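Sequences listed follow chains A and B, in order.
Numbering follows the numbering used here, with no gaps: position 180 of the first sequence is 180.
Numbering follows the numbering used here, with no gaps: position 8 of the second sequence is 8.
One or more of the hints may lead you astray.
Stated by the list, open to error - Computed footprint of chain A on chain B; a stretch qualifies when at least three of its residues, placed anywhere within it, have a C-beta under 8 Å from a C-beta of chain A:
(1) 84-93
(2) 120-126
(3) 149-159
(4) 212-223
What the hints contain is simulated information worked out from the structure, not anything from laboratory work.
Since the structure is predicted, the reported quantities are computational estimates derived from the model, not experimental observations.
Backbone N, C-alpha and C define an ideal beta-carbon position, used for all residues, glycine too.
Read off the chains here:
There are 2 protein chains.
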Amino acid sequence: MKIAVIGTGMVGRVLAGRLAGLGHDVVIGTRDVQETLARTETDALGTVPYAQWQAEHDDVQLMVFEEAGRFAELVVNASNGSNSIAALRAVGAENLRRKVLVDVALPLDMSQGMPPTLSVANTDSLGEQIQREFPEARVVKTLNTVFCQVMVDPDRVPGDHTLFIAGNDEDAKNTAGQILTEFGWPADRVIDLGDITGARGTEMYMRLYFQLAGLFNTFELNIQLQIAENAAQH
Amino acid sequence: MKIAVIGTGMVGRVLAGRLAGLGHDVVIGTRDVQETLARTETDALGTVPYAQWQAEHDDVQLMVFEEAGRFAELVVNASNGSNSIAALRAVGAENLRRKVLVDVALPLDMSQGMPPTLSVANTDSLGEQIQREFPEARVVKTLNTVFCQVMVDPDRVPGDHTLFIAGNDEDAKNTAGQILTEFGWPADRVIDLGDITGARGTEMYMRLYFQLAGLFNTFELNIQLQIAENAAQH
């Protein structure tokens, strides 16, 4: 499948590299190709300059947002949550129309330090904001509850841990679900929370997640849902 | 231990009944004893009138809030979150001074239906509000991530599922932790999130919890933390 990953950071690169390794035609979208390639800083988390990563991943092409959007059959939003709406506007609503838009981003506010607060929570979510902004895109919120390395390789964390998916369009969730299967997520561990308002619970969970990540000094953790045996799914 | 449970609803009764069964001296606090005993309605969740429950639990005594507070060495806040500050004011700041105050309440706003939103979230929590309102009480937030029947009997849910505890006072967390052990929570499944701001993550998680409860048609569920083996706790 032709996939555009929006975001040149660690999350975007891990997703793009894995998707390309699975045989998809993958591009990464950025605002300014030359500016992105000219960066020389390694960030606080050890993420190397983009060009260094690109040199090792010639199966992934860097394009400006709009070009990436035109190319793609499916778009993955892996941009910084505070910049997601702006980045997706640059991709272009017309390039998102009817396409599956897999949103893995988090609306994190780091201004108060760690663990972060959320810039939207409780009565709304980033997933809902994106769906409202691009009503003709078929937004699927998923993967956002785990670290990027775990998104693409769930076996890095032990146990039958759980992933969530939410979105208004059943076909779009099925398409996203196929990618989850390719990443290694067994279908019976992916819980469909229903429409895009399900994004709210998974984004709000991130406060606990980041606190646990700090406590255990790793982002490689997840939660496994345990249900009493007398329970029956609706 | 002399324990006052604040709240005459399902949560308070389950906790009080279990604590009395464990041999503690347990009272339940209410605003008006006669009014509470005069109620005749069974609520939407099937909770019987208080007097009917009381008749089967003569090891638990009903008292007005202030009297319950004076009696107690340890207080459990099992009131409706929207009423918790008012109920605890009626218990009396002087009756909470230096005492362990185990807060299991949730700041739920049901006005928009299920799943609920929270009346406080993201930059604050009910646990923090209670600690600020009663600075001399030693507030411990715990048990709030599971249904009351699971609070007092974790084996109702399969697996090595996880409980959280947060509070500013280490001795108070140790005291609360002893009660968790009596309820059946193994110490290695109780994660100390640090100071009372840890309440924020556990309260925010409840959006996801209530959505899962609706989806699986049971409140008897919990999450089990899974961590990559290379992780080391701080």
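How the hints compare with the structure:
no., hint, in the structure
1, 84-93, "violated (count 0)"
2, 120-126, "holds (count 3)"
3, 149-159, "holds (count 4)"
4, 212-223, "holds (count 10)"
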